[in-house]
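Asks: Residue strings, one per chain:
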Amino acid sequence: MSGTVVPHHDVALVDLVDRLLHGGVVVAGDITLAVADVDLVYVGLRALISSVATAEANGVRLPR
Amino acid sequence: VIYVYAITEAPAPELDPGAEGVAGASVAAVEHDGLAAVLSHFAGDEPPASTAESLWAHERVVESLMHDRAVLPARFGMTLGSESELRVVLAARGASLREDLRAVSGCVELGVRVQWDDEGAGGAPQDAVHRPLAALARASTCSPTAGDRLLTSAYLIPADQVRTFAERVVALQGEHAALDISCTGPWPPYSFVGGNG
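Just so you know, the protein sequences line up as chains A and B, in that order. The opening position of the first sequence corresponds to residue 1 in the working numbering, with each subsequent residue numbered one higher. The opening position of the second sequence corresponds to residue 1 in the working numbering, with each subsequent residue numbered one higher.
Read the hints as simulated data drawn from the structure, not as lab findings. Hints may contain errors.
Said to hold, decoys possible - A partial selection of chain B residues facing chain A, derived with a Cβ cut-off under 8 Å:
hint, residue
1, R75
2, A103
3, T184
Stated by the list, open to error - Pairwise CB distance ranges (calculated):
hint, chain 1, residue 1, chain 2, residue 2, range
4, A, H22, B, A49, 17 to 25 Å
5, A, H22, B, E14, 25 to 33 Å
6, B, G174, A, H22, 27 to 35 Å
7, B, S96, A, H22, 18 to 26 Å
8, A, H22, B, P11, 16 to 24 Å
9, B, R60, A, H22, 26 to 34 Å
10, B, A177, A, H22, 28 to 36 Å
Note that CB positions come from ideal geometry on N, CA and C, so glycine has one too.
My request is simple: use the sequences and hints to build the entire structure.
Replies: As structure tokens, this is what we get:
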């Protein structure tokens, strides 16, 4: 692993993108969204997380 | 169009009058047949732009509902033509939506990613990490992608056991130095809303 520490917010964003675009309930036929922009962000972030340092990665957001 | 954030049980949750949804839109609720949908209205056919900001805005609305009720988060970008169209959908899908709400009641989702280098992973990360974590969960999903040396999994955990789960993750990281384990959450149960498609 490289030593680059990615801010925790970015790790959470990868998980957020995964969940919001691929999970969640779909009750209507149309997801009318053009996801091209988000896909670009997503690809970039996938590359990003490969350098997350272990110490940073252990962080867990607990309930407020 | 109507942009939907989540579906929950009626009575509709009290919404903060200042709450902002995607693109700064105000947030409202529509009840039908024992269910409530939380949504924003947008003029014309334009859905909100898909930026990181709007993703977080969607997430904030869903999280604001989670603390005292079961919530089914909607997939980002889901729009319907009108409130009457929404009511038709809620009536048609009511039974399965209520079943899903029962299944996730009292639980939150925690996400885990395991990454490893080629050498020294020491056994399958699926066995080393996913299996013990799944034992703590009411439900779990796991997507191994061997080529990427990345394991992505999600766990449905009772809200009062989040800390226990987090401690288990830290312990597993301590036991497996060759693995890089990250955990995020608590999330709304995006990965545990069945019957999609």
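Asks: It remains to establish, for every hint, whether it holds in the given structure.
Replies: Status of the hints after comparison with the structure:
A hinted interface residue such as B/R75 counts as satisfied when its beta carbon comes closer than 8 Å to some beta carbon of chain A; here the least separation is about 4 Å, so the hint holds. For B/A103, the shortest C-beta to C-beta distance to chain A is roughly 12 Å, which exceeds 8 Å, and the interface hint is violated. With a cut of 8 Å, the hint placing B/T184 at the interface with chain A holds, because the nearest CB-to-CB distance is about 5 Å. Look at A/H22 against B/A49: about 19 Å separates their beta carbons, and that is inside 17 to 25 Å.
A hinted range of 25 to 33 Å for the beta carbons of A/H22 and B/E14 is consistent with their spacing of about 31 Å. Checked against the hint of 27 to 35 Å, the pair B/G174 and A/H22 passes, with Cβ atoms roughly 31 Å apart. B/S96 and A/H22 have their C-beta atoms about 19 Å apart, which keeps the hinted 18 to 26 Å range intact. A C-beta distance of roughly 31 Å is found between A/H22 and B/P11, which places it outside the suggested range of 16 to 24 Å.
Under the hint 26 to 34 Å, the C-beta atoms of B/R60 and A/H22, about 19 Å apart, miss the expected range. Checking the proposed 28 to 36 Å range against B/A177 and A/H22 shows it holds: the Cβ atoms sit about 31 Å from each other.
Comparing the model with each earlier hint shows violations of hints 2, 8, 9; every other hint is respected.
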